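Residue numbers (our numbering), protein chains in the order written: chain A, 1 to 114; chain B, 115 to 227.
Hints listed in this document are in silico derivations from the structure and should not be mistaken for laboratory results.
Here the structure is a predicted model, which is why all the values come from computation and not from measurement.
Misleading hints may appear alongside valid ones.
If you only want the chain A side, here are some residues facing chain B, beta carbon under 10 Å, derived [as the list claims (entries may be wrong)]: (1) Gly29; (2) Ser41; (3) Pro76; (4) Leu102.
Per the computed footprint, the stretches of chain B lying under chain A, defined by three or more beta-carbons under 8 Å from a beta-carbon of chain A, are [to be verified]: (5) 144–158; (6) 213–222.
Glycine is no exception: its CB is placed at the ideal position from the N, C-alpha and C atoms.
Read off the chains here:
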Amino acid sequence: DAKTTQPPSMDCAEGRAANLPCNHSTISGNEYVYWYRQIHSQGPQYIIHGLKNNETNEMASLIITEDRKSSTLILPHATLRDTAVYYCIVRFTEGSSNTGKLIFGQGTTLQVKP
Amino acid sequence: SQTIHQWPATLVQPVGSPLSLECTVEGTSNPNLYWYRQAAGRGLQLLFYSVGIGQISSEVPQNLSASRPQDRQFILSSKKLLLSDSGFYLCAWSVEGLRSPLHFGNGTRLTVT
Chain A
1 DAKTTQPPSM
11 DCAEGRAANL
21 PCNHSTISGN
31 EYVYWYRQIH
41 SQGPQYIIHG
51 LKNNETNEMA
61 SLIITEDRKS
71 STLILPHATL
81 RDTAVYYCIV
91 RFTEGSSNTG
101 KLIFGQGTTL
111 QVKP
Chain B
115 SQTIHQWPAT
125 LVQPVGSPLS
135 LECTVEGTSN
145 PNLYWYRQAA
155 GRGLQLLFYS
165 VGIGQISSEV
175 PQNLSASRPQ
185 DRQFILSSKK
195 LLLSDSGFYL
205 CAWSVEGLRS
215 PLHFGNGTRL
225 TVT
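Starting from the given sequences, assemble the full structure and let the hints guide the process.
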């Protein structure tokens, strides 16, 4: 499974856009990029996922480079409640298996400051 | 809509005692089910996953076991807890398929004393 590299921590001012980078240089053609976040003492929350096109939903936007070796999660207007650990995950594939398990890394701790 | 329930929310158990954590999913059928553990200050570690009743795959050799007696029920067990079993245990579900997101419960915080 492809590994991901994220900065351990980032700060963002409240109301500004938070741009969280992720490198996944060994990603294979049929592997998706997923983003989750974990607020302290809660279960991880799904944010967004994509294959090669940019994606947007009510929570965030996902920008994937053309070579798919990196991506950026964008929170357009960060609030204090967005303070969390953000995980970038390349979805594990195992031949024709449909287990779909996720392997989490260390993530980026985003601190949104007033 | 689908919901996932985990209980208890917190648990304090002595070393050597048994463990049973239960997870149930509502609003879907034949989900993939997962157990993760997060030790203090560490990342999430996949422990077990199941694609159907009675089908359990173990990711890490350990003092724990999992069972799926019903379609939407996933149980994590131990016969004798170790101090190292302390952590935050999370159950998750997804619909069948590689693209389906995992949805996590609120977790059980286990302290082994």
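Going through the hints against the structure:
1. The interface hint given for Gly29 (chain A) is violated, since its Cβ lies 13 Å from the closest Cβ of chain B, which is over the 10 Å cut-off.
2. Taking 10 Å as the C-beta contact cut-off toward chain B, the hint placing Ser41 (chain A) at the interface holds, the least distance being around 8 Å.
3. Hint status for Pro76 (chain A) relative to chain B: violated, with the closest Cβ pair at about 21 Å, above 10 Å.
4. A hinted interface residue such as Leu102 (chain A) counts as satisfied when its beta carbon comes closer than 10 Å to some beta carbon of chain B; here the least separation is about 6 Å, so the hint holds.
5. Coverage of the segment 144–158 of chain B by chain A holds. Counting CB-CB distances below 8 Å, 5 residues qualify, and the rule asks for three or more.
6. Counting residues of the segment 213–222 of chain B whose C-beta sits closer than 8 Å to any C-beta of chain A gives 9, which meets the bar of three, so the coverage hint holds.
Hints 1 and 3, counting from the list given before, are not met by this structure.
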